[in-house]
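Sequence order for the protein chains is A and B. Once you know that position 119 of the first sequence is 119 in the working numbering, the rest is easy, because the numbers rise by one and skip nothing. Once you know that position 137 of the second sequence is 137 in the working numbering, the rest is easy, because the numbers rise by one and skip nothing.
Treat the hints with care, as some may be off.
Since the list gives no way to pick one copy over another, a pair counts as held whenever it fits inside one copy or between any two copies.
Stated by the list, open to error - BS3-like mimics (lysine-lysine), calculated; alpha carbons at most 30 Å apart, straight line:
| # | residue 1 | residue 2 |
| --- | --- | --- |
| 1 | K155 | K390 |
| 2 | K133 | K113 |
| 3 | K181 | K538 |
| 4 | K491 | K465 |
| 5 | K464 | K430 |
| 6 | K213 | K294 |
| 7 | K294 | K265 |
| 8 | K181 | K491 |
| 9 | K579 | K125 |
| 10 | K336 | K213 |
Since the hints were derived computationally from the structure, they do not count as laboratory data.
Protein chains: 2
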Amino acid sequence: MPLESREGDTSKARLCGVEIGFSYTITDSIRFNIDQGPFDFILVPLMYPGFVPTEDNDPNSRILDHRLLPYAGSDFNVSCNRWNKLAYGKISPWLDLDSEDETTRMDAEIILKKQIEWASYLSIKACVLPTPKGNCCANYARCVNQILQGPNNMKLLVRFPFGMSDDDYSPGSNDLVDSWKTWNSFRLLCDYHNQLMVVLDIMRVLPPENSQKRWYGEPVTAAILDSDMFLTKTRGNTLYLPKRHQKLIADFFDHDIRIIISGLKVLNEAQFTTEGSKPHPLLPYRDQVSNIYKQMVPPSEQERLEFGMRDFLQLPLRPLRNYTQAKSYDTWEKDKVKYINYEIAICKALRDRVSNEKASEIATVLVVVGAGRGPLVRSSVQAAKRAGRKLKVYAVEKNPQAAIALDELIRTNNWSSFVYIVSSDVRDWKAPERADILVSDLLGSFGDNELSPESLDGAQRFLKKDGISIPSSYTSFLQPLTASKLYKDAKEIKEILHSESACVVNMYNVDRLAPSQEVFTFTHPKSFVGESNQRYQKLCFMIPNDTGSAMVHGFAGYFNATLYKDVFLRTEPSTATPKLKTWFPMFFPLRTPICVESGSRLEVHFWRCVGYRKVWYEWCVTSPSSSPIHNCNGRSCWMDL
Amino acid sequence: MPLESREGDTSKARLCGVEIGFSYTITDSIRFNIDQGPFDFILVPLMYPGFVPTEDNDPNSRILDHRLLPYAGSDFNVSCNRWNKLAYGKISPWLDLDSEDETTRMDAEIILKKQIEWASYLSIKACVLPTPKGNCCANYARCVNQILQGPNNMKLLVRFPFGMSDDDYSPGSNDLVDSWKTWNSFRLLCDYHNQLMVVLDIMRVLPPENSQKRWYGEPVTAAILDSDMFLTKTRGNTLYLPKRHQKLIADFFDHDIRIIISGLKVLNEAQFTTEGSKPHPLLPYRDQVSNIYKQMVPPSEQERLEFGMRDFLQLPLRPLRNYTQAKSYDTWEKDKVKYINYEIAICKALRDRVSNEKASEIATVLVVVGAGRGPLVRSSVQAAKRAGRKLKVYAVEKNPQAAIALDELIRTNNWSSFVYIVSSDVRDWKAPERADILVSDLLGSFGDNELSPESLDGAQRFLKKDGISIPSSYTSFLQPLTASKLYKDAKEIKEILHSESACVVNMYNVDRLAPSQEVFTFTHPKSFVGESNQRYQKLCFMIPNDTGSAMVHGFAGYFNATLYKDVFLRTEPSTATPKLKTWFPMFFPLRTPICVESGSRLEVHFWRCVGYRKVWYEWCVTSPSSSPIHNCNGRSCWMDL
């Protein structure tokens, strides 16, 4: 029974699981907890937990490779389909694969592999692996890596503490193991394997916020909430969770992390019953979790539409190379906020251009550069109406298909007397007169990355000396990211050459490690012709002190554009224009992630290079260590001139 | 005129160059310094050095992309062939590609590229690039990387100081730029490009030895020795070099680094003459360098034979998988030291086995495991003769081709009465009697890597309880390396899957970063049957404090074997058996090099894994940072059982 059944909610977070103890009759456990209980799946040990071979002194009873192990009953009554859908396997938590003792270590390896083989035989989809003991996990990782590289397709979820218990906590102490570091080492050893994931054990004392956030860039599948974390109000004897824990769980839901309630203690105390007459002893706990889910602001329609696009890498459009398709125009034209801002900007510019007194005499000459199917023509006409100014519009569009729709728009609206279609590349067009205002929307996700500077250079020829460009300037921004999924995808997607193409992506499971910084600025019209469009910027990001160490997998790119005076279009998160839909951020991957320490400096270089036939970015890191220079000579991604 | 013409000396180090000033008449420079002078090649500027555009205030004379630049005369009299053979191009040293000033930076980029284009047009083989100014070299590296990734095939040699000048030196101060660090960053930015190399400027104050050595693992082409480095004896007015400089130059020669004498000052002072009547003003300097070369111990015949094998990666043999070829037997049997040691060991074992009194009664049963064409049979027979003991030999060999030669050896020597050929895999052989002594030479470069443990397990069946195995034990060793060439080759050679196959290599241009440490030990006969041949070892190397930071590109593997009691075969460098020829070291590459700081800890894990059909190693680094686990499940290199 999912936490809430609401239309369109397909997130994994709506499922709630329960960690239960060992049972030889798994059918009963499923009936009690799922079929007749309030949970969606169980996390269940695959082997009798009391069984610890290395504590057994009788050599004849020691575990050997060929002997049968005390598994949870294979149970003919549970089909593989149910195992697959309803159960996570729990690997014996006492296994110590990095023990100093060779026998303990080698036995642990044998038992681990046997349990996984059995889980695989049952078609179990995922197994939860014990938390690494101590700092070193090399041998554990080697065994897990061998399993991952083998034929089975199971997810292996390693369990890590999130925060610490009251016992571990002493204010100001920093010498505790940073479990993220252990995880990072583990997954580096396993070379970012796709099936290697994380389950977090929520502890009483939560880590500082920047340290928490790092996990949002990691493949966290679920978080385990022990029944001990719940407190009881003196009055009414009702359960509740501390505020910080409530907020954390809401954040987890927001990052598609499902909750597993660990009910080992409660279930042990409760009378085990399969009759279903009494309510499930964990129901109040589940209700608390369910309440948090219900109180969250439901995703907007737009967000729901974008669910499927989350963390999905797309190569950016190259409008100068390929003709845009109708469906893309359809999508773009839905962005009301964008066109309203254009309308306001054009309106202001028209009023500045022509005084009220001369409004009826002078027709302002406005050129729409890249008119597409006409949304900016519409904004211009509406702006002129609002401003009470006369207008003459040249709508320049190089895509002949779009010009057909544009023509229809003009005829339908009876604009033919003052709107002229120019079916041409703006760089080739011989304008019959000079323009007062250039209007364009050639901005890409990183501002200049769809060659707005070069296109407007071409248009500046026919702009009056005191003419106005809308937008009048734009600045790109960058921000370092922990984003293991994006990194892995950039490595694996064949179209992303050398794992170094800039991509457009609706970022979701990422952690932004430091505030974004300005990169390149372009202003139009240019102060002198021939001003270079090459750029070089060195950026220095400081990793906050409470972050702990973190991995930089790449950079998010945004832009802020000034359309005219105080009218902006902004995608940089801290100043973003609300409800602007057109642009997802850019992602610039690093071919090899770079580890940064808290309080350290991350030095990054970005270039915008201009050749005879193309424009491209190159980028690199030089501190704390040097990366290769990415995309040399634009070998992997570029914009054709 | 090379430093010395001696037979078989094909090393590059025997060539000596001279750095000269700018000249519009390059023909004269070549005639004066090479044809009539004592040098083999010149290092010559490609552009008039006084020309510094950014110091020029007249905007009309500023360098622009399309204007002709003041090049050294293209000179129809110098053919491309001569340019190619006799000249290194020197790029203007004042170019500052990381200047804070944008104009300086952009001009520098244009001029650098123009000079390289011209050098490329002339077929110049290598250009010497200026030392990076300051710590940051990102933009410089970006420009160089764009050139390297372009169509031309020229070597780009970046110039770095080696040590410091008297002015820079203050004892105990450490805040000087470590030029190795700048180089390391530069080449990381250029992603280890093959054509990117180093030229070192030898300074007055040399760096500490461990810091020096790092350069031996780098692609250092030449070292420039300024005439200022030479001192004059008061008596006799003769030139000499300080002792440490002499030793350094000898070390450079030993690592195939040629010397370029920078004669700018001397040549400026001397009267420039093309008539050749006076001796060349730099002749005394060159003679000093030549003397150092002549005083070096000439390479042995063996070393000359191995010239061509230096730093050449070979995949190791797999004797259990493929039959060995006759030419391999030829090579192996040339190793006298090896067989003499076997003879001594067998001799001692025979004497221990049978007392003098019973020498004429008892025939010791000796089984040669993997007899090949019989060298160990010969050693055994000679040992028996020397020991005065009677012998019965079973020569077990699975390669039927080798058995033919073995048979001939036995018949020729009339050993047929006591030497029996067994043409079989030792693991399948049903021995007619139990053996006193097993003799084998199944050791690979890393000791157990040719499955000696598994083969001797098979032979132990027919060894008497108190029998002797020769070798009686062997231990492998590992040592971290800076070895940029080996790393690059491991990345580029297709047969080296995933850049992670262990290779056999005659290591030469490498730096050994810390003393080697023991890894796996095997002892024969085993104390109990079924003792596992799996192994796991965690190693901790300390990087010496005077090294500076360094890159670990992989690990060298060696072994020490005890044949019998005090008779050894050892390849571990600090204890190596002199003149042992059979084994080159192993190289275990890292897929991504790891940077270590001086005084820091390098933690490495090695596993010997045993499956049903194969044996393989896995390895990883966990400190200072975690690498992937290499060769998971033996996917890239393994030994078939």
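(Q) Treating 30 Å as the Cα threshold, decide for K181 and K538: within, between, both or neither. (A) both (29 Å within a copy, 20 Å between copies)
Q: Have a look at K491 and K465 and pick one of within, between, both or neither, based on CA distance no larger than 30 Å.
A: neither (48 Å within a copy, 57 Å between copies)
Q | Homomeric proximity label, K464 with K430: Cα distance no greater than 30 Å | A | within (14 Å within a copy, 101 Å between copies)
Q: Could you figure out if K155 and K390 sit no more than 30 Å apart (CA to CA) within one copy, between two copies, both or neither?
A: Neither: 65 Å inside a copy, 65 Å across copies.
Q) How do K336 and K213 come out at 30 Å by Cα distance, when the copy is not named: within, between, both, or neither? A) neither (33 Å within a copy, 65 Å between copies)
(Q) Please sort K579 with K125 into within, between, both or neither, judging by C-alpha distance up to 30 Å. (A) neither (38 Å within a copy, 59 Å between copies)
Q: Can you give me the call for K213 and K294, within, between, both or neither, at a CA distance of at most 30 Å?
A: For K213 and K294, only the intra-copy Cα distance (23 Å) is at most 30 Å; the inter-copy one is 65 Å.
Q.
With identical chains, the pair K294 and K265 could be close in the same copy or across copies; at 30 Å between alpha carbons, which is it: within, between, both, or neither?
A. within (27 Å within a copy, 83 Å between copies)
Q: Classify it for me, K181 with K491: is the Cα-Cα distance of at most 30 Å met within a copy, between copies, both or neither?
A: both (22 Å within a copy, 29 Å between copies)
(Q) As a check of your reading, is K133 near K113 (CA-CA no more than 30 Å) within one copy, between copies, both or neither? (A) within (18 Å within a copy, 56 Å between copies)
In the structure shown, a violation is registered for the earlier hints numbered 1, 4, 9, 10, in ascending order.
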